[in-house]
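> Please work from the sequences and hints to get the whole structure.
Note that the protein sequences, when read in sequence, are chains A and B. Quick note: my numbering has the first sequence finishing at residue 433, numbered continuously throughout. Quick note: my numbering has the second sequence finishing at residue 257, numbered continuously throughout.
Quick caveat, the hints were computed from the structure, so don't treat them as lab data. Mixed in with the good hints, there may be bad ones.
What the hints assert, rightly or not - Restraint ranges, calculated between C-beta atoms of paired labels, are given here:
id, chain 1, residue 1, chain 2, residue 2, range
1, A, R403, B, E226, 42 to 50 Å
2, B, R63, A, A218, 54 to 62 Å
3, A, R77, B, W210, 43 to 51 Å
4, B, R246, A, A47, 21 to 29 Å
5, A, N124, B, H75, 48 to 56 Å
6, B, H75, A, K136, 51 to 59 Å
7, A, K136, B, E180, 35 to 43 Å
8, A, L212, B, Q241, 35 to 43 Å
9, A, E368, B, L184, 35 to 43 Å
10, A, R340, B, Q248, 37 to 45 Å
11, B, E39, A, E368, 23 to 31 Å
Even glycine gets a Cβ: it sits at the ideal position worked out from N, Cα and C.
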Amino acid sequence: MEVRISPQMSVMEKLKILGAAAKYDVSCSSSGSSRQNDGQGIGNTVAAGLCHSFAADGRCVSLLKILFTNECIYDCRYCLNRCSNDVPRASFTPDEVCELTMEFYRRNYIEGLFLSSGILYSPNYTMELICETVHKLRTVHRFQGYIHVKAIPGADPLLIQRAGYLADRMSVNLEMATAEGLKEMAPNKHRRNILKPMRQIQNGITENKHELTLYKHAPHFCEAGQSTQMVIGALPESDYQIMSVAENLYDKFSLKRVYYSAFVNVNEDKDLPALAGGPPLLREHRLYQADWLLRFYDFKVDELLAADRPNFNTAIDPKADWAVRHLELFPVEINRADYRLLLRIPGVGVKSARRIVSARRFGSLTFEDLKKIGVVLKRALYFITCNGRMMYPTKIEENYIVRNLTYQNQMGKGEKLPFMTDGTIYQQMSLFS
Amino acid sequence: MEEKYLVCEDSLEGIFTGIYEAYALREGHEHVHIQIGEEDNYRLFAVYLHISPDTVKTGKVARTLLERLGESVYHGLCRAAASCYPDKGEAVYKAVVDAITQGSGRHVMENLRNPYVQRAFELARYTANEAHFETEFIRFQELEQGILFSRIGPKNNVIPFIMPHFADRLCPENFMIYDENRELFGVHPAKEEWYLVSAQGDFIPEQLKWSVKEEGYQELFKAFHETIGVKERENRRLQRQMCAYRYQDYMVEFQKK
Chain A
1 MEVRISPQMS
11 VMEKLKILGA
21 AAKYDVSCSS
31 SGSSRQNDGQ
41 GIGNTVAAGL
51 CHSFAADGRC
61 VSLLKILFTN
71 ECIYDCRYCL
81 NRCSNDVPRA
91 SFTPDEVCEL
101 TMEFYRRNYI
111 EGLFLSSGIL
121 YSPNYTMELI
131 CETVHKLRTV
141 HRFQGYIHVK
151 AIPGADPLLI
161 QRAGYLADRM
171 SVNLEMATAE
181 GLKEMAPNKH
191 RRNILKPMRQ
201 IQNGITENKH
211 ELTLYKHAPH
221 FCEAGQSTQM
231 VIGALPESDY
241 QIMSVAENLY
251 DKFSLKRVYY
261 SAFVNVNEDK
271 DLPALAGGPP
281 LLREHRLYQA
291 DWLLRFYDFK
301 VDELLAADRP
311 NFNTAIDPKA
321 DWAVRHLELF
331 PVEINRADYR
341 LLLRIPGVGV
351 KSARRIVSAR
361 RFGSLTFEDL
371 KKIGVVLKRA
381 LYFITCNGRM
391 MYPTKIEENY
401 IVRNLTYQNQ
411 MGKGEKLPFM
421 TDGTIYQQMS
431 LFS
Chain B
1 MEEKYLVCED
11 SLEGIFTGIY
21 EAYALREGHE
31 HVHIQIGEED
41 NYRLFAVYLH
51 ISPDTVKTGK
61 VARTLLERLG
71 ESVYHGLCRA
81 AASCYPDKGE
91 AVYKAVVDAI
101 TQGSGRHVME
111 NLRNPYVQRA
121 FELARYTANE
131 AHFETEFIRF
141 QELEQGILFS
151 RIGPKNNVIP
161 FIMPHFADRL
171 CPENFMIYDE
181 NRELFGVHPA
191 KEEWYLVSAQ
201 GDFIPEQLKW
211 SVKEEGYQEL
221 FKAFHETIGV
231 KERENRRLQR
241 QMCAYRYQDY
251 MVEFQKK
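In structure tokens:
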């Protein structure tokens, strides 16, 4: 089969089309795999990942995120590249992708390659193209940096396995939180087809771990695990449904990350919400906050939300929200509470909790010490005592605390959101301008 | 008792020699201080001793710290000593006293109740953070001879901390990183050990000639960087917060044509 695109299109034009086509995929992390250079080629990976630049929307640019082609046989309603859209189409050749990756990588522009693709002819044909490209990059160019590839749902398991041995991370996008939602939005995709490769990759990673304990030099299979993504706000799903799905994915499919993508109506489809106020960024932000609580703070979804309280509070973050509903546990004595309880205090993060635990071995801590350690006292002060004393006399009462926490927000001093919810920016008043 | 100020050179060697001399005084540590560089405002009733850096003494201090405090504390102290703040000498010295003489040992960086340890910890973190940002935001340009060249302007002396990362990553490449604030080069010849060199005479980075393909790749990356942002989510404030202007000044994708 021949690729249909006219070959005379320049790499610049292709990069513009295929970079723009890939930008709605959120995942851009380069974390989870740690590998030194073996002296044979170029590149290594860093466990925490590196962001090499930040785009105009404030999101990090870590990987060269492109589609192999934006030709697609599917007609998903939310997608810019659906076959019924009249958009310019382009395809890279494997050599072009390799050259771009290598040259960008040498200049420290990127941490590696993120290769996704529209479905050209068939899932198998597309997956084969992806495999061929990545194979070339790993063997001919001896590239040892980070590679993230998509597993195309419906592709042959053997192809997915092959890609897994070449890539650091793989992902299959769940797209919608519910199976019915997916059916409505993407008539050609089926939830079963999405979960199948996800399970395959999970099993592959588990087996690979066993192999690696036996044979130190066995090849790695998706060293950095797998991730997925859900679109938020295109359908009337509740936060509770979304978070429950995420929790299941973490527990049952051992995913590394679940990404949430605020819906952008790129196609102006009449059946999809118009979202006059822009994409639902605050909701996305709350979901990410809750996601962190699941992964690093030992929270369960049922503690944060319930069937009769299915959405997050927009005024305060999920952790503070949980805390004010459980005031019977507070105030917590900083010098005595165990690590897990410290983590539950609003204003105390993973790092400060660890520092508290190790610093208090040398003697009891004061509020001044806590400030230096990095605890956000203006949030924490309602929930903690140091040596039996609170910082200021405060009432331990739900309404009072919520009022104070949100009052700080109104003054622009409280919770720092990465964006303005109502478009206002608080500025110092000037009498002279 | 009179206060003693050991005036040391602004370098790791200077500070370590200062620590050696402070211990050699055998007068306790309460009234002995390390100061980096010349004092503009001398104190009354204080003695100023000038210490010139000494390789042997530095080596002794470094070995002792490594053996007794372990690698991670040692690296933390080195990072603090690479900071741009002049109180680093005193902070590193008193943190060493806390570790070795007052016995917090390998856990010294956790003893955040001690204000000097706190300061050393803070300075070390500041250098480490900046080094981390530089590993992310450095942009190499390919020169005519195929050498990769990068110019940076960090506040702290980060080159020694970022070279190992790039030496591993770009192992088969000849590359160098130039710190224009300190006029210092980190040089890595392909597949060999890296080293530091001070710039001799007037080095003008603008005079370097790019390779033929360099500009093409810069344009490609600029185009990619522009297309990857989602217009509906534009947020320059967040962009600036994540990547400060002082880094953007050195990055190709933020340069106007």
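> Give a verdict on every hint.
Results for each hint:
Between R403(A) and E226(B) the C-beta distance comes to about 44 Å, which sits within the given range of 42 to 50 Å. Taken as a hint, the range 54 to 62 Å is violated for the pair R63(B) and A218(A), whose Cβ atoms sit roughly 40 Å apart. Between R77(A) and W210(B) the CB atoms are about 46 Å apart, so this pair conforms to the stated range of 43 to 51 Å. In this structure the supplied range 21 to 29 Å holds for R246(B) paired with A47(A), their Cβ-Cβ distance being about 27 Å.
Taken as a hint, the range 48 to 56 Å holds for the pair N124(A) and H75(B), whose Cβ atoms sit roughly 50 Å apart. For the pair H75(B) and K136(A), the supplied restraint of 51 to 59 Å is violated, since their beta-carbon distance comes to about 39 Å. Here the CB-CB span from K136(A) to E180(B) is close to 39 Å, well matched to the stated 35 to 43 Å. Checked against the hint of 35 to 43 Å, the pair L212(A) and Q241(B) passes, with Cβ atoms roughly 39 Å apart.
In this structure, E368(A) and L184(B) meet the distance hint of 35 to 43 Å, their C-beta atoms being roughly 38 Å apart. Range check, R340(A) to Q248(B): Cβ separation about 41 Å, and the 37 to 45 Å hint holds. The beta-carbon spacing between E39(B) and E368(A), approximately 30 Å, falls within the hinted interval of 23 to 31 Å.
Hint violations for this structure: numbers 2 and 6, all remaining hints satisfied.
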